[in-house]
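Asks: Sequence:
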Amino acid sequence: METELNNLYKEIVEIVNEMIPEQWEKFWFYAQVSETGGGTCFYYNAPDDPQNYKYSLEVPFIFAIDEDDFTEKKRKLFDLSEKLREVFKENDQELWYSFTLSLERTGKLNISFDYTDWFSTDYSFSDQHIIWKHKYLGEEPSDASLKGIIEKYKADYPENPI
Numbered sequence: 001m002e003t004e005l006n007n008l009y010k011e012i013v014e015i016v017n018e019m020i021p022e023q024w025e026k027f028w029f030y031a032q033v034s035e036t037g038g039g040t041c042f043y044y045n046a047p048d049d050p051q052n053y054k055y056s057l058e059v060p061f062i063f064a065i066d067e068d069d070f071t072e073k074k075r076k077l078f079d080l081s082e083k084l085r086e087v088f089k090e091n092d093q094e095l096w097y098s099f100t101l102s103l104e105r106t107g108k109l110n111i112s113f114d115y116t117d118w119f120s121t122d123y124s125f126s127d128q129h130i131i132w133k134h135k136y137l138g139e140e141p142s143d144a145s146l147k148g149i150i151e152k153y154k155a156d157y158p159e160n161p162i
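The numbers in the numbering used here rise by one with no breaks, and the one at position 20 of the sequence shown is 20.
No wet-lab data here; the hints were simulated from the structure.
Be a bit skeptical, because a hint or two may be false.
[What the hints assert, rightly or not] Okay, derived cross-link-like pairs now, DSS-like style, lysine-lysine, Cα gap no bigger than 30 Å in a straight line: (1) Lys73 x Lys152; (2) Lys73 x Lys83; (3) Lys147 x Lys73; (4) Lys108 x Lys83; (5) Lys10 x Lys54.
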């Protein structure tokens, strides 16, 4: 199981790296997978602008890159994420709902799994994204309603790492 997981992590890292059209300092890859679907995205920062995070969905519009190739790689990332979840299932491990993989330019890798059944909550996908960005990117929303989402989440799930 460990070898299979490591191979999948490696392939995810390689594809995200290919999709980032400039030097990066660190990237965060996020995947949601369930029996009914899911999605992936990533954020990264550049060495010369470490406080500014670029969002994967904006990359094709910021840089002159082939959108079809980018979309194909995005699909591949989801397929790999599904395979990763399947490895857990095949080995009778608890199934996660989402995972975050971060990689620093130095090679330091971190992986976190979230077991929250988001479909059974009142949190929308947008809410989840706001919470995730707060946790992993340190983003502090300025809007009171967005701050309220984070505060509600912390009260509802004080021990959950998202």
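Asks: Against this structure, judge whether each hint is valid.
Replies: Hint check results:
| no. | hint | verdict |
| --- | --- | --- |
| 1 | Lys73 x Lys152 | violated, 35 Å |
| 2 | Lys73 x Lys83 | holds, 15 Å |
| 3 | Lys147 x Lys73 | violated, 33 Å |
| 4 | Lys108 x Lys83 | holds, 23 Å |
| 5 | Lys10 x Lys54 | holds, 22 Å |
Checked against the numbered hints listed earlier, the structure breaks hints 1, 3; every other hint is satisfied.
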